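Turn these sequences into a full structure, and let the hints steer you where they fit.
Under UniProt numbering, read the sequence shown as residues 1 to 65, first letter to last.
Just so you know, the hints here were simulated from the structure itself, not pulled from any lab data. Just so you know, these numbers come straight off a predicted model, no measurement behind them. Some hints could be false.
Derived DSS-like pairs (lysine-lysine); straight-line CA-CA distance at most 30 Å [said to hold, decoys possible]:
1) 56 - 10
2) 11 - 39
3) 56 - 11
4) 30 - 11
5) 56 - 39
Computed Cβ-Cβ distance ranges for the label pairs, DEER-style [unchecked claim]:
6) 64 - 27: 10 to 20 Å
7) 9 - 59: 30 to 40 Å
8) 53 - 24: 15 to 25 Å
Don't be surprised by glycine CBs; every beta carbon is placed ideally from N, CA and C.
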Amino acid sequence: MNECCFECNKKLEGDEIAIYRRLVNRGATKYLCIDCLSKHFRCTRTLILERIEHFKEIGCTLFCK
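Below, the structure written as structure tokens:
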């Protein structure tokens, strides 16, 4: 994966792309990293990580196992 955060230019992991698609726009082609996404939603990084785990547990197909 060669995607980078469009805010800070950090190289993104698969879960970062998946949570952006789940929370913001499924058809997105530009993404925010977890830190920038938490700033966007005015929440903690921990909350975003908890949401990632939750969506994995319920079997959301956007997240790789």
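Holds or violated: residue 56 to residue 10, with C-alpha atoms at most 30 Å apart: Holds, at roughly 23 Å.
Are the Cα atoms of residue 56 and residue 11 separated by 30 Å or less? Given that 30 Å is the threshold and the Cα spacing comes to 21 Å, the pair holds.
30 Å limit on alpha-carbon distance, applied to hinted pair residue 11 and residue 39: Satisfied, since the Cα-Cα distance of roughly 17 Å is no more than 30 Å.
Go ahead and decide if the range 15 to 25 Å is satisfied by the Cβ distance of residue 53 to residue 24. Taking Cβ atoms as reference, residue 53 and residue 24 lie about 18 Å apart, which means the hint holds.
Given pair status - residue 11, residue 30, alpha carbons within 30 Å: 12 Å, holds
Given the range 30 to 40 Å, decide if the beta-carbon distance of residue 9 to residue 59 lies inside it. 32 Å, holds
Is the Cα-Cα distance between residue 56 and residue 39 30 Å or less? 22 Å, holds
How does the Cβ-Cβ distance of residue 64 and residue 27 compare with 10 to 20 Å: does it lie in that range? Check passed, 19 Å falls within 10 to 20 Å.
Of the numbered hints given earlier, the model fails none.
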